[in-house]
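Novice: Take a look at the letters that make up each chain.
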Amino acid sequence: MDFELGEELVALRDIARDLLAQRWKAESARRALDAPPSRMPGELWAELAEMGWFGAGCSEAGGGSGLGVIAAALLAEEAGRALLPGAMTSTLAGAVALDRNGGAALKAELLPQIIAGSLPVTLAVEEPNGTWGPDSVEVAAQAGAGGLKLSGRKIFVADGSSAGLFLVAARVGDDVRLLPVEAGAGGVEVVPMQRIDAQDIVELRLDGVQVGVERMLPDAGAAHDAYAVWTVLVAADLLGSAGAALAMTTAYAKERVQFGRPIGSFQAVSHRLADVQVNVEIGRSLLYAACLALDERRGDAGALVAAAKAFIGETAVDAAEAAVQLHGGIGYTWELDVHLHLRRARANAVTAGDAGWHRETVARHMAHCYA
Amino acid sequence: MDFELGEELVALRDIARDLLAQRWKAESARRALDAPPSRMPGELWAELAEMGWFGAGCSEAGGGSGLGVIAAALLAEEAGRALLPGAMTSTLAGAVALDRNGGAALKAELLPQIIAGSLPVTLAVEEPNGTWGPDSVEVAAQAGAGGLKLSGRKIFVADGSSAGLFLVAARVGDDVRLLPVEAGAGGVEVVPMQRIDAQDIVELRLDGVQVGVERMLPDAGAAHDAYAVWTVLVAADLLGSAGAALAMTTAYAKERVQFGRPIGSFQAVSHRLADVQVNVEIGRSLLYAACLALDERRGDAGALVAAAKAFIGETAVDAAEAAVQLHGGIGYTWELDVHLHLRRARANAVTAGDAGWHRETVARHMAHCYA
Amino acid sequence: MDLKFSAAEEAYRLRCREWIAANAHHAAAVAKAADPVQAARDWQRRLWEAGYVGLAWPKAYGGQDATLTQQVIVSEEMARAKLPPLINTIGLSILGPTLVLHGTEAQRRRFLPRILSGEELWCQGFSEPGAGSDLASLTTRAVLEGDDFVVTGQKLWTSLGPIADWCFLLVRTDPSAPKREGISYLLCRMDTPGISVRPLRNAGGGVHFSEVFFDSVRIPREHLVGELHGGWKIARSTLDHERSGLSGVISLEGSLERLWRQAAAGGEIADAVARQQAAQYWIELEGLRYLGFRALSDQLAGRQPGASASVGKLFAAKLRQKIARAALDNAGPYACLTKKSPHVVGKGRLVAGYFDSLGYSIGGGTSEIMHNVIAERVLGLPRSSGEA
Amino acid sequence: MDLKFSAAEEAYRLRCREWIAANAHHAAAVAKAADPVQAARDWQRRLWEAGYVGLAWPKAYGGQDATLTQQVIVSEEMARAKLPPLINTIGLSILGPTLVLHGTEAQRRRFLPRILSGEELWCQGFSEPGAGSDLASLTTRAVLEGDDFVVTGQKLWTSLGPIADWCFLLVRTDPSAPKREGISYLLCRMDTPGISVRPLRNAGGGVHFSEVFFDSVRIPREHLVGELHGGWKIARSTLDHERSGLSGVISLEGSLERLWRQAAAGGEIADAVARQQAAQYWIELEGLRYLGFRALSDQLAGRQPGASASVGKLFAAKLRQKIARAALDNAGPYACLTKKSPHVVGKGRLVAGYFDSLGYSIGGGTSEIMHNVIAERVLGLPRSSGEA
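Residue numbers (UniProt numbering), protein chains in the order written: chain L, 1 to 371; chain S, 1 to 371; chain B, 1 to 388; chain A, 1 to 388.
If we strip away everything but chain L, and leave its shape as in the complex, we get (with noise of 0.2 Å):
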């Protein structure tokens, strides 16, 4: 039994902390706020893909780390610590999607070009229908001669302006699948949504996209893996902002001084700052586990990942209020990073799944325990 990080996986999360550190500073996420979106530079981009972070969550056979999932939520916690644009994450979660799920053909012709970094990727799922996930998808591909054809609109979809591929979740027949639509095909539009962190969030308009049968993806539980993947990497990027808010306001609390004693040393300082100490250190504990129960496939992974989305978001968010809170008015000013995590804690608090509704996800993984 091993269930703390081996040495290639703290490795890989050291070096990804230092070099995002140095790479890309908080004033440029400041900056997208008043010119969104904010968007990965290009060298920047180059960099990672050398470093071979794309194929991080992939397998060995699929060109990645052989690491798991666990490699995948590393980079996104630090991406988040790092307020680096999402679009890392979301071609992450692409890449393990294809990986896990795609057939042989479209994994050789796709895989190499998302690992190299040619190829962004991302999900589209969400519909404006009110909620989340596969199961709520309505936009339904209709067979015909020249394969599926894909009508109507997909919402919050993450890093849309800057993805190459898209992996757009329609119904086919009684499943809901997962197709692979370049932003460059015919009947693609993308529509900026403009999002309160400057992420590039958009809506995706799909009118009569033409996509080969035999590049649909072919395991019928294919949307719902994707989909647990990319929200355990969007819970590890919450971790990061935690963990980032949490730092921010330790060290204030040890720096400011009034009534003549540092600030962390009064109890409604310092005990509201445990909390949130115990509450990271409980997620982390929950996204670990839901990267395990993902790569070995076990019957209570949507569970976990659902705890782990639900627990971490509220503890993201509340590690932000708790930031603002701490630094006084300081940290209600545009300068100070506060805003910044509280802003992008907020958004993915309530991307892939709210905390309520994976609580029902969990409420029905109890009721069938029980049963």
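Mimicking EDC-like on lysine to aspartate or glutamate, the simulated pairs with C-alpha atoms at most 20 Å apart in a straight line are: (1) B:Lys-347 x L:Asp-34; (2) A:Lys-318 x S:Asp-275; (3) A:Lys-82 x A:Asp-42; (4) A:Lys-339 x S:Asp-34; (5) A:Lys-4 x L:Asp-2; (6) B:Lys-318 x S:Asp-275; (7) B:Lys-4 x S:Asp-300; (8) B:Lys-59 x B:Glu-120; (9) L:Lys-149 x L:Glu-214; (10) B:Lys-318 x L:Asp-275; (11) B:Lys-318 x L:Glu-314; (12) B:Lys-322 x S:Asp-275; (13) A:Lys-82 x A:Glu-18; (14) A:Lys-318 x S:Asp-318; (15) B:Lys-318 x S:Asp-318; (16) B:Lys-322 x L:Glu-314; (17) L:Lys-254 x B:Asp-134; (18) B:Lys-4 x S:Glu-7; (19) A:Lys-4 x A:Asp-298; (20) B:Lys-339 x L:Asp-34; (21) A:Lys-318 x L:Asp-318; (22) A:Lys-4 x L:Asp-295; (23) B:Lys-233 x B:Asp-134; (24) B:Lys-322 x L:Asp-354; (25) S:Lys-25 x S:Glu-43; (26) S:Lys-25 x S:Asp-337; (27) B:Lys-179 x B:Asp-134; (28) A:Lys-59 x A:Glu-49; (29) S:Lys-254 x A:Glu-128.
I should point out that these hints are in silico values taken from the structure, not numbers from a laboratory.
The hints should help you fit chains S, B and A onto chain L, whose structure is shown.
Specialist: Chains S, B and A in isolation, oriented as in the chain L frame:
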């Protein structure tokens, strides 16, 4: 406008607090746990009657103080603070119910006896169907030659083994009405229920009990009105308990020294107590508002009664739990009074409707207001 | 015990309401004006001329000598009609009462009427980068040279900085004294040489506060309020002088009603979690309302309301945040879009309200300080090495 | 990263489970025995003889030298089978590890095997009326007279007081030294003249703890553990030595399942509030479980688990209280009846579980102290004038 207690009310409260502190020790409430139920000593009962307390909530015409429901609530609050057996509060509620909603003959017959202390009275509303209040009453009175005939079971009847008169809620036609039933009437059986705070709670079994139609409280809304008055008195008892738990914990936090300082100088302790204080003040405001609304028979009285009971119930449990925690190990011992308040608060919080049930009443009021 | 208004009070309310109705178009014009500051000044003057500003103030200085109940009536009616707030609110709520209590007769006659009319807008210079919750540790220095104080230092969290005509500020005049005993209270024209103002952008992207820098700014000695070195107690007396909070209740009422309507279909909220939550907020809001009535009754009866203002402030801030958070949560991902997004719900007001709500537990005394105040002044617990 | 057990470990688990099944009737007999203390001792000896007590301890002193994973397997299987807890648990979990680390060879050989077999039951004498969270302020005195310590004072919160054969206790041997540097660690027979035990009735009405009074009790010098005046560090080293908490998870699993079944009809909970709440507890319980696995993995890899035990203890206490409270709340007024009432639900177990749960944030270090530990040792925040 005057929304604070007038001089007469302040005097009534102060006298009650002093007198009960002298006449009833927490030790008696503790002893009752080993030999339930907790009962009012005869001399004390007589003394309270002599003070005129049982008519505190009644109109002057009814032989009472004319100070309004608030006067009864202040006495109930002191009863909670002093851990007094519940019989006074039940009798206060019954007296107010008769005074507000009884027919002239019934009032003339019963109110003087009640106020004189020779007829303890209580309400019998709840039934074994898992919910609360007059709307859930299923026991139906059958009309016959000798008047109305009652059969069925009432549970959680407060102070039932000392009551001389039960005001029984029962269906008469389409309405739920209040019917006076003497404790000694044929077909009446009283079975103790054994509550964790040793209060005298009973099951009332009715087997063909006869009640004259003319004795039924004439107002179709009498059962709901009486239940509202009783609810507000239970809330007042809870507020007294919360105040007592807060006071004893505050005193302890000033005395108890650890790490060379009174523990009340640690914010983990002082801020927790401040939160209880805030809730007690908000709860008190709601209690006064509910009493005033009942006196004025305002349209929002039901919602305010529900608000007071829901909020104060949660406040009292929280205050008692804070008392256990902040006293540390010693607060967990039989000898300290902390658990007496925890028991009373827990039990009364689910008496006359729990917080969730009352919030549903509030939600209906909101739906009505915002329609 | 009763909450009824007298017939005369009800008549007063009616006249107030009629005046508001007759002047609603002027109020509406404020937001749309080309010069919104001038429009807001004009609106305040119009209200003042009608007798609806400075109700509590003595008639001698332009006030109304009105009863407390009349004040409550006016603030309720103004909040209910969603009239624009008075632009000179800081001068009205903080400096005015201070001068009435501690100013010289000359200061009162000079300043009070112009605060009321809006002719002179005021900003506050209390907080500093190193003096937030611990306000008494402020370091802005004032040295008496001849008949002038010469002031050097930096103030933070100043509202209206760029548009104010005057500033009231706390300065350290005796650095060798214990920290609360070397502070003085000064009044200063904002166009005095040596003052510069830098607007601060807030987390929501807007600008509300400024930093104000003082570089050898000369302030005539006659603009000292109260005793030299006696400024701390003066400032403290108006920090404690908080309003009953009843107008805050009315703004929360609006938020709660919007929350309900957002979640309700056909009048009812079907989801039990959201319904119970909304009901809890209604309960807490009523608690706050009647707490306000109790505080007001104490004031009417000449009793000290004690630290009940801290109870109300703490509870109201938390409730405002809970309602704002619930509104955001209920709207899901749609609430997290900017107001420019075609998909946003509520025109971005949910996010703005949420960001705004977070400031309520910081400004005007943090919730941590409010807890200290309640623990120490109400419960009598020992100081936590910090102070209220 | 994986959570799989090896084939050998799985085989070990299977043997353990088989042994438990074969001995279940002995376990069941403990609760019904006429002399429950003797029965519990017999049960512990039976388990020890089968190799299921003292797994981590050296074979030389009666232990098993087993792996950490084997320890986890045994504790999981024992919890799952709801076996009675080991009666000598305080000796096993606190004194044993202390003697292994700090005892003399003679002390180890004399005491350790008898702890394991249950032949000698131990109680702890640490807390005092004036020394709870601030344990180092203890005042029980020990004066060296010839070869004996003479001990006078009072200890509180002693489990097993009336039945223990021995007590390990902290005493002040140097009143002039700084408070942490004048404390010694002694072992004392409970039948020594001058010792008296007074059982304490708890809030639930039962008896679990005692007060122990020492009146000029003579303890031979050979029963000093470690250095004279060096007892604080020794005690601290085993206070930190907490278990992974995984067996606590299993008991919480049972509580959560009961909560679900109590609220569910036909497998599902219809009420959204109760359903969401139960789901949240499942999430938190899983978080606690995997936190335990992480701590265990750290120990297996020889890494310091740091203050993660405090995180687990704090979170577990809160979760236990939330589940206990929800069970009570869901049962409404029926839960607030005594077990003697004909109407009670769950045989009074809901109230008992609730009362019991409140002790989890007090005993073994209050939640306030756990917060301090996390703030100071994990986050590196300055001390809050108190200490961990």
